[in-house]
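With these hints in hand, go ahead and build the complete structure from the sequences.
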Amino acid sequence: MEKQVILNAKHLELTLKRLCHELIESHNDFSNTVIVGLQPRGIHVVERLKALLEDILKKDITCGNLDITFYRDDFRRRETPLLPSVTNIDFSLENKDVILVDDVLFTGRTIRSGLDAVLSFGRPKSVELMVLIDRRFRRDLPIEANYVGKAVDTLLSERVSVEWKEHEGEDKIVLYTKESNE
Amino acid sequence: MNSLSVEHLIGIRDLTREDLDLIFKTADSFKQVINRPIKKVPSLRDITIANLFFENSTRTKLSFELAEKRLSADIINFSASGSSVKKGETLVDTVNNILSMKVDLVVMRHPSPGAASFLSKKVNAKVVNAGDGTHEHPTQALLDAYSIREQLGSLEGKKVVIVGDILHSRVALSNIYCLQKLGAEVMVCGPKTLIPIHMKSLGVKVSYNLKEALEWCDVANMLRIQLERQDVKYFPSLREYSMTFGLTKEILDSLSKEIVVMHPGPINRGIEITSDVADSDQSIILQQVENGVAIRMAVIYLLAAQIER
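Protein chains in written order, with this note's numbering: chain W, 1 to 182; chain C, 1 to 309.
Read the hints as simulated data drawn from the structure, not as lab findings. Watch out, some of these pointers could steer you wrong.
As the list claims (entries may be wrong) - Pairs of lysine-lysine residues, derived as BS3-like cross-links and limited to a Cα-Cα distance of at most 27 Å, are as follows:
1. C/87 x C/159
2. C/61 x C/39
3. W/150 x W/17
4. C/61 x C/87
5. W/125 x C/40
6. C/39 x W/125
Here it is in structure tokens:
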């Protein structure tokens, strides 16, 4: 596997700050807005966004985690059943502006399941999508993000991994490529 | 571990400790789901389930039906009264007729012990035992253990007494297997005539004195006297039974510690348990019913995951 760092710690922080300001631009003071991170990896993005937004706006931002296991369309197409992670959305999404957050947008299938899952918490006023990495031209479904950290062109065989200081020891986004002679 | 070691749920006896943990973990997620505004997930939308009840049931049948609907499965219901069974059709024929309508999973309650196991060997579908005679009632034991775990944090080292008609109870047998696999100690208590002689070989303590049993335990599971399964008289009168083995507020208050009271239903108020105990804060009877749906969702979800497309 060849490794290529797409964003290092410094750039990742800049990107997150920019995304926060983009969010504030369209959501003003977040009075009707909630942020929902998709399990398992989207929730780490939300942790950072929440801290940054609260620092800028000086107020609490409502955030939750959403598990989409039971809403996936590949149940029984995988070898083993998918074990669910925790959902904690202890607020109603009825009539709220919801920002769905995930780390990488690839085929769009997770987001489709996420939309289904969000609707079981009520009927939101609007749903938007924010992703740190958009793997362009790789969609199976007509889904696009409203806020993108960085768009990258990748091959199907490649893998993008978003890593965090708290969990993997360092903030960075890495592109893994199979070596050409494989 | 993220799949079950068994292909059908016939009895707790066949399950491993890992299976139990997996079912509980999955049930935790489903319990969240059934407390949402929209209590339904689309996981099983391409699965058809037949509920075959050859014996009366209210709670279990409703609970299974609701669990299946919450998973978006298509369901058909069948009860023995008013069916071809009365006209002399065999079990395998009845079930195969239903399966030819492309059913993937069968939930069955039957008065004969071993019926579910027999069926699982004869038909090409997943089988979930919803009670087979006096043998096992696995989902009841799972939801009982799950409710205790929710109440006390874990079952490791906990003491559970099962009181009443042990001889005719599938709930008792499944509970014994389940609680022991989870590290709990089990005692049975009741009139000598209603306690099978082989109990000690299961590693279960036996007591014929309710007060003594309750002093020992953390949890008391009160069973109903199954008059419909009793062909001879096992005790002089129901009144005498309830005076000797009925759980009353006075006995409960006289204990040195507060215990958890359970009942698998249906309750015969005033016989095995008085109304004030059944409705008290120590009783978790209604939590058991709620957890029943989550547990059954988990079991069906995990079995359905094994069905090949």
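Hints violated by the structure (numbers, ascending): 1
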